[in-house]
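Top line first, the protein sequences correspond to chains C, S, G and D. Going by the numbering used here, the first residue of the first sequence is number 1, and it counts up by one from there. Going by the numbering used here, the first residue of the second sequence is number 1, and it counts up by one from there. Going by the numbering used here, the first residue of the third sequence is number 1, and it counts up by one from there. Going by the numbering used here, the first residue of the fourth sequence is number 1, and it counts up by one from there.
Mixed in with the good hints there might be a few duds.
Unchecked claim - Okay, derived cross-link-like pairs now, DSSO-like style, lysine-lysine, Cα gap no bigger than 27 Å in a straight line:
id	chain 1	residue 1	chain 2	residue 2
1	C	K322	C	K236
2	D	K269	D	K204
3	C	K359	G	K169
4	S	K74	S	K55
5	S	K236	S	K286
6	S	K359	D	K169
7	G	K34	G	K146
8	C	K236	C	K200
9	C	K236	C	K292
10	D	K43	C	K200
11	D	K146	D	K204
12	C	K376	C	K301
13	G	K169	G	K146
14	S	K292	S	K376
15	S	K376	D	K146
16	S	K359	D	K278
17	G	K204	G	K230
18	S	K359	S	K286
19	S	K200	S	K236
20	C	K286	C	K322
21	C	K14	S	K14
22	D	K204	D	K169
23	S	K322	S	K286
24	S	K151	G	K43
25	C	K322	C	K292
26	S	K200	G	K43
27	G	K278	C	K376
28	S	K55	S	K207
29	C	K359	G	K278
30	G	K146	G	K278
Derived by calculation from the structure, the hints in this document are not laboratory data.
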Amino acid sequence: MQLLEHQGKALFRKYGIPVPEGRLAQDAEEAGLIASSLGVRVAVKAQVLAGGRGKAGGILLAEGYEEAKAAAAKIIGMRIKGITVREVLVERALSPAEEYYVGLTVDRSRKAVALLLCRSGGVDIEEIARSSPEAVYYRALPPNDELHPFKARRMALEAGFDRARILGIGGIIANLYRLFMGEAATLAEINPLMVTQEGKLFAADSKMILDESALDSTLEGKRTLAESKDDELERKAIEKGLNYVRLEGDIGVIGNGAGLVMATIDAIGLNGGRAADFLDIGGGAKADVVRKSLELLSEDKNIKSTLLNIFGGITRCDEVAKGILEAVGAGSLPFTMVVRLAGTGEDEGRRLLEESGMKIAATMDEAAQEAVLAAKGAC
Amino acid sequence: MQLLEHQGKALFRKYGIPVPEGRLAQDAEEAGLIASSLGVRVAVKAQVLAGGRGKAGGILLAEGYEEAKAAAAKIIGMRIKGITVREVLVERALSPAEEYYVGLTVDRSRKAVALLLCRSGGVDIEEIARSSPEAVYYRALPPNDELHPFKARRMALEAGFDRARILGIGGIIANLYRLFMGEAATLAEINPLMVTQEGKLFAADSKMILDESALDSTLEGKRTLAESKDDELERKAIEKGLNYVRLEGDIGVIGNGAGLVMATIDAIGLNGGRAADFLDIGGGAKADVVRKSLELLSEDKNIKSTLLNIFGGITRCDEVAKGILEAVGAGSLPFTMVVRLAGTGEDEGRRLLEESGMKIAATMDEAAQEAVLAAKGAC
Amino acid sequence: MGILANSGTRVLVQGITGREGSFHALRMRAYGTKVVAGVTPGKGGSDVDGIEVYDTVLEAMEAQGANASCIFAPSSSGADAIAECIHDGMPLIVCITEGIPQMSVIKALAEGARTGWEGRLVGPNGPGLVTVGEALIGISPAGIFKKGHVGLVSRSGTLTYEIVDMLSKAGIGQTTCIGVGGDPIIGTTFTDCLRLFEDDPDTKAVVLIGEIGGSDEENAARFLHEGSHKPVIAFISGRNAPAGKKMGHAGAIIYGRTGSAQTKIEALKDAGVVVVDKLWEIPGQLLGILA
Amino acid sequence: MGILANSGTRVLVQGITGREGSFHALRMRAYGTKVVAGVTPGKGGSDVDGIEVYDTVLEAMEAQGANASCIFAPSSSGADAIAECIHDGMPLIVCITEGIPQMSVIKALAEGARTGWEGRLVGPNGPGLVTVGEALIGISPAGIFKKGHVGLVSRSGTLTYEIVDMLSKAGIGQTTCIGVGGDPIIGTTFTDCLRLFEDDPDTKAVVLIGEIGGSDEENAARFLHEGSHKPVIAFISGRNAPAGKKMGHAGAIIYGRTGSAQTKIEALKDAGVVVVDKLWEIPGQLLGILA
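The shape of chain C in the complex, shown without the other chains (with noise of 0.2 Å):
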C-alpha cells in the first residue's frame, strides 16, 4: 500500500523525523488560511501518487492567503497522469543548503533491508546511481528490532555526509529505521533530506509503501487500503475483497492466479489487443467471486470484450461455470463473453456453459484471439 506525502509525513512526525510545518488543504480557500495562519513562504503540493508532481506543475511557491489560494485553486482539480488531484499539501518552504538521499527497502535478492545513502539527494537520484553507482552507499542491515543510532552515524560518515551533521542525521536514519520495522514498510524513502541554510534538517519529502499483508485483516486496515486507491473500481474491489488493477485497454481479463492472468493479458498482447484489466480470482474460488468479478468489470465503461480463463486446480471449473451463470442471469453483461477452461470440472463447467448457449474456446492462445476480435468488432 502506497502512501500519500502527507501520511508518510504524518509517520515520519510520530517516529520523531522532523518535517516541515504544514496541513493538508482539501480546497483552495482552507489552503489560503494555512498560508497565512503559518506566516512565512510556503509550497502547495498536489497530494496524488505520481512520480514528476513538480514538473506536471503540482508544485506551487506562494506567500500569504491569496498567493496561495491561488496556488491550491490551480493545482485541485489538475489531472496528473491520469489521477486527478483532490488534496494539497501545504507546508513551510524551505531554502536548502544541501539535499541529501535516504532510504530503506527490502532487498528481495539479499533477503535483507537495504540503507541507501546518497549526498546527491532530490529528483536525479536514479541518474546519478546509473551514471556513478559508487556514489550510492548500500548496507544490507540485519533484520532487527533497532538500529542504533552510532552504527547510522558511522554509515552516514562511511556515505560522505557532513559530519557537522551527523547526530541529526544518524537519528534521522535509526528513527526511519524504526518505522520501517514498527508499520511493516517495503519502502521508506525521505528524498531530500534537505539541511538548510540554518543546519537544520527536514524530510522535505516522504515516499513509504506499506507490506499489505502486515495490515491488520481489519474493516479499518482495508479501508486504509481503500482510501490509498486513486481509483474508484480498486477502491470498490477492495470492498469486494478482489486483487483487481484496472489497466488502459478495452478487453477485460480475468484468471486464477496472477502468473495466468499476466500471461493471459500477454497472449492478448501478442494477438494485437490490450487488457483493460488485471483480476485474479486466486485459488479455490467460488461462484460469487467470479460473479463479483463480473459484475466490478461490468462497471468499465471501456470494455467491449472480456476473457475469463481458468486452469482448474484448487479452483473447480464448474463453480467458475455456475458464477458465470449468475452474473449473466443477474443482468445482460456489457461485454461479449470470451471463457476457456481447463483442468479441474473441465468436463462439468463446459456442459453448464454450452447448454446455456454459451461457447467455450478450446486454448489459451484461440480465447485470446477470439477476444481480440470481438473487441474489435465492438468499435
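Use these hints to put chains S, G and D onto chain C, whose structure you have.
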C-alpha cells in the same frame, strides 16, 4: 507508572489479548446503563491501585440496571487502603473452569525478561510460590523483539497448562511479550487468565507497570503519568517536575539523592518520628527547585516540621539556601524548618541562612532529633 | 530421482485439522506421498483419517521421523509455523500459506542462518512441489503430471499447471516441478533449483517460468552464464503489465536494470537460454532439445 | 592500587561538549585523571580546553588509546552511548546518565554477552568511581576523599559522599569508592565489586551501602557466605520506606523473601557482615576493625 485495571486491559485489547466485554463508569447511573446494554451478569470493579480490592468489598456481582447501579453506588466513594474510588469497570462476569497465572517482569539479577507461568492463578499465587515453588514455571527470555508463539506454546506445555488450550495460551503469552516490549513495561501480569466453562480464554484482571524512563518526555507522557497517581499532591509534583512520594507521617523530608533521602527518613524513624514524604531534589538543583519543593510540602496539612538535608556534590548549598529564603519570603511556611547543609558551598549557604536568623543543624542525627522534637512540640 | 523430495520423504502437514490442510493431506497421501504426521497445536492425540496429529513439530519429528513439512496455516500464523520448523532443524519446509508479511520471512531465514539451519524453505505463497510418481507436497492437481525427464521451476501456480498439462499431453514427462512462490521474499530461488537440477541425472532439460518484478530471473541467468549447464527453456509473463510504480528509487537503485520482462528475457538469452514468446511454444522447443 | 581504574586509566568523556560533560571533564582532569579525549558526534575536530573531541568512540580509542569512557549523555541517547562503547570493546564504561529505559540497558548488555565483550559497565545513574589519588571518573566532589585502605561500594550518590566525608574526617582513608548506580538494571553489582576488592592488596575492609528493592544485597551476602573474605560493614537505607506496591506478584515470586530492608540486613548479618543501624556508626566500627 502503574496502570489501573481498565488502562491495562485497553493495552491488552490493543495487542490482541482477549478481555471480557465491558466499559468504565464514572457514576452509578452509567454503571447501570452499561450493565443493561451488556445484558448479562456483570462484575462491578473498583478502579484503584490497591491490592485486595475484592476482600475490601470493591468487586460486586450484579445483573441488570438496578443491581449494577446499586453495586456501583456502594463502591464509588468507598475508601480502599486510603484511596477513594472514583470509577468502576463494569464487565461481563465469567464462569471460570480454570484460572492460570501469566506474568512478565524485568529480572534485575539476571538482567533479562522473566516469564512466569502457574496452573493455579488468582489471588493466592504468591502463597503458592512460597509453599510449592516448583509449581511456578520460570523462564528468562532474551530481550528480543519477538517471542514466537510456538515457543510460548512449548513453555505453556512445560508449565503443565491444558494441552487443548495451548494454541490460545501461546498466542496470549506471545502477545503479552509484544506488549511488554512495545510499551516498555517492567511488569505485565494476567492474573487470572481465565478458561471459561466453554473453553474460552480471557484476561480477567490486569496488572501493568510501565518504565517511566521510556515514556516520551512530552507533556502527553507527563499527563498520563500524573493521571496514574491517586494522590492529589503526587499529581501536582509531577506537573512541577518533582520526585515526590507521599508517606503517612508528620515530618516533611527534602534531600538530594534518593539514598540520602531514605537515610534521612530512617534517621527520623530512629528518633521516634515519622516522615510525611519522600522528596528528592536530585543532583545540581537550583534555588527554584528548592522553593517549589517547600511550596509543595506547604500544601500537606499533616506536616508539622520539615527537615531539609543536603550534602552538596554537584548541588551547591548556597543555591539551596537561596531557595529556602525565596520560599520563606513568598509567605511564611506552615511548619518549622530544620536545615542541615554540608559539602559544596556549605559556608556560603550557612552564612545566607544564619543572616536571616535560621538555625543550621550540625549533623544529620542532630537534624533528625530537632525535626522530631519540633513536630511533637507542635501537637 | 528428481530433486528436493522423493519416495523416501516423510511429510508432516502443519495445520492438518483445518479445511485445506486435511483436504490436501489426504490428496497427497492418495498420490503416494508418505504423509506420516500432522501438527495442530491443541489437537495432539487426535488423528485425520489415520494420520496422527501432534501439538508440536518436534514431537512429530521424534515420533514419526518426519523430514519435510507442508504448511497450511492462516496467514497470521504462517511465519510462526516456518520459525518452528527452522528451530527444530526441519530439512525441507514447503509453505503454501499466502499473505505472510515479508519481514517475518526475512527474520525467520535470518534466524535460520544465525543458528546454522541447513534446510530449505520452498515458498511461501506457492503451490509446492511434485517429484513425479514419488511425492506430491502441496496443492498441485495430481492428474496433470507424467513421469519423464524435464524439470520445471516457476513463480506461478496455475501457469505451472497450464504448462505441465501441455507437456504431459505432448508426451513430455517431468522429474520434479517446483513452484517457488509468488511473494517478494521466498526461500528457494530459481538459481537454487537450477543448481539441484544440474546434479540430478534424470533431468535432461529445465523449463523456467518467470515473471516481472525482482531479479530472480536475472540472478538465474548469471548462474547459467558460469560454465556449461543443461538446456533451459524459459517463458516470462508480464510483458504487457504496466511499469510497476511501487519500487521507488530505492528499488530502482538496488535492482538497477532488472525487473522488467525485457531485462529478464535479454539476460536469459545472453546466458544461452531459449526464451519463448508464447507459452504454447514450450512443448515444441522441448521436443527439439530432447530428440 | 584500588580497583577498576588507576593512574594508567585513559578516560574519554562522551558528551564532552555539553554543559555537564565539559564541567566534569575538566574537574576530572584537575583531580589528576588522564582525560585523553572527548566524543560528541558532529563536533569532531574541535577541543574542550585542549582535550580533543572526536565524532565516534572508535576514533577516540584509536587516536588516544582511551580505555575507559565516562558517559554524560541526555537520557534519550544514553543507551546508544553504552552500545557504542560495547561495540568498540571499551574495557570500562562509567555511565552517569539517568533516565535510561531499563530494557535498553538489558539489550545492550545482552548484545555485549553475545559478541564476547569482556568489559565492565558501572551504572547507569550513578556518580561514577574514584580510586583515591589516581583517577576520578564521574561527578563525585573531589575534596572529600582521602587515600587509605577502605573500599566503598554504594547504590546511592549523595549518601556515598556523606559517608566518605565522615570517614575522611575520622582519618579513615579509601582505596576505591564506587557508586554502582540507582537504577533497577545496572552493569557492575555489589558482588562484582566485592570480588575485585578481595583481590586488591591495598583494601583492608569494605563499606557496603545498600537500599531497599531488588536483591543485589542478598546476592552479595550469598557471595560473602562462600569462603573467607575481607571484613565488610554495611548500612541499608529505606527501613522506614513504605512497602513497595510496585513489584506485583511476579516480583514477589522472583525475589521471594528479598527486597525489604529487613531481609537484606538479615542476609548480610548471616554472612558475617557488621550491619550498622545508624550511618554515623560506620567510622567507629571501621576503626575497630582496622585497628
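Structure-based check of each hint:
With a CA separation close to 23 Å, the supplied pair C:K322 and C:K236 stays within the 27 Å bound. Simply put, D:K269 and D:K204 have alpha-carbon atoms about 19 Å apart, close enough for the 27 Å limit, and the pair holds. Using a Cα cut-off of 27 Å, the hinted pair C:K359 and G:K169 holds, with the two alpha carbons roughly 23 Å apart. Simply put, S:K74 and S:K55 have alpha-carbon atoms about 14 Å apart, close enough for the 27 Å limit, and the pair holds.
For the suggested pair S:K236 and S:K286, the alpha carbons sit about 19 Å apart, so the restraint of at most 27 Å is met. For the hint pairing S:K359 with D:K169, the CA-to-CA distance comes to about 23 Å; that is within 27 Å, so the pair holds. At most 27 Å may separate the alpha-carbon atoms for a hinted pair to count; G:K34 and G:K146 meet this at roughly 19 Å. A C-alpha spacing of about 43 Å is found between C:K236 and C:K200, which places the hinted pair above 27 Å, so the restraint is violated.
A C-alpha spacing of about 11 Å is found between C:K236 and C:K292, which places the hinted pair at or below 27 Å, so the restraint holds. The straight-line distance between the Cα atoms of D:K43 and C:K200 is roughly 15 Å, inside the 27 Å bound, and the hint therefore holds. As the CA atoms of D:K146 and D:K204 are separated by approximately 15 Å, the hinted pair is consistent with the 27 Å bound. In summary, the hint linking C:K376 to C:K301 is supported, as the alpha carbons are separated by about 15 Å, within the 27 Å threshold.
Taking the CA atoms of G:K169 and G:K146, the gap is about 9 Å. The hint holds against a cut of 27 Å. Between S:K292 and S:K376, the direct Cα distance comes to roughly 26 Å. Compliance with the 27 Å bound is thereby established for this hinted pair. At most 27 Å may separate the alpha-carbon atoms for a hinted pair to count; S:K376 and D:K146 exceed this at roughly 40 Å. Straight-line distance between C-alpha atoms of S:K359 and D:K278 comes to about 24 Å, which keeps the hinted pair within the 27 Å bound.
A distance of roughly 7 Å separates the Cα atoms of G:K204 and G:K230; the hinted pair therefore holds under the 27 Å criterion. A distance of roughly 21 Å separates the Cα atoms of S:K359 and S:K286; the hinted pair therefore holds under the 27 Å criterion. Between S:K200 and S:K236, the direct Cα distance comes to roughly 43 Å. Violation of the 27 Å bound is thereby established for this hinted pair. Between C:K286 and C:K322, the direct Cα distance comes to roughly 9 Å. Compliance with the 27 Å bound is thereby established for this hinted pair.
About 18 Å separates the Cα atoms of C:K14 and S:K14, which keeps this hinted pair within 27 Å; it holds. At most 27 Å may separate the alpha-carbon atoms for a hinted pair to count; D:K204 and D:K169 meet this at roughly 19 Å. Between S:K322 and S:K286 the alpha-carbon distance is near 9 Å, which keeps this suggested pair within the 27 Å criterion. Between S:K151 and G:K43 the alpha-carbon distance is near 17 Å, which keeps this suggested pair within the 27 Å criterion.
The suggested pairing of C:K322 with C:K292 holds, with an alpha-carbon distance near 12 Å, which does not exceed 27 Å. Only pairs whose Cα atoms come within 27 Å are accepted, and S:K200 paired with G:K43 is accepted, the gap being roughly 15 Å. The straight-line distance between the Cα atoms of G:K278 and C:K376 is roughly 22 Å, inside the 27 Å bound, and the hint therefore holds. At most 27 Å may separate the alpha-carbon atoms for a hinted pair to count; S:K55 and S:K207 meet this at roughly 17 Å.
With a C-alpha separation of about 24 Å, the suggested pairing of C:K359 with G:K278 holds against the 27 Å cut-off. Simply put, G:K146 and G:K278 have alpha-carbon atoms about 22 Å apart, close enough for the 27 Å limit, and the pair holds.
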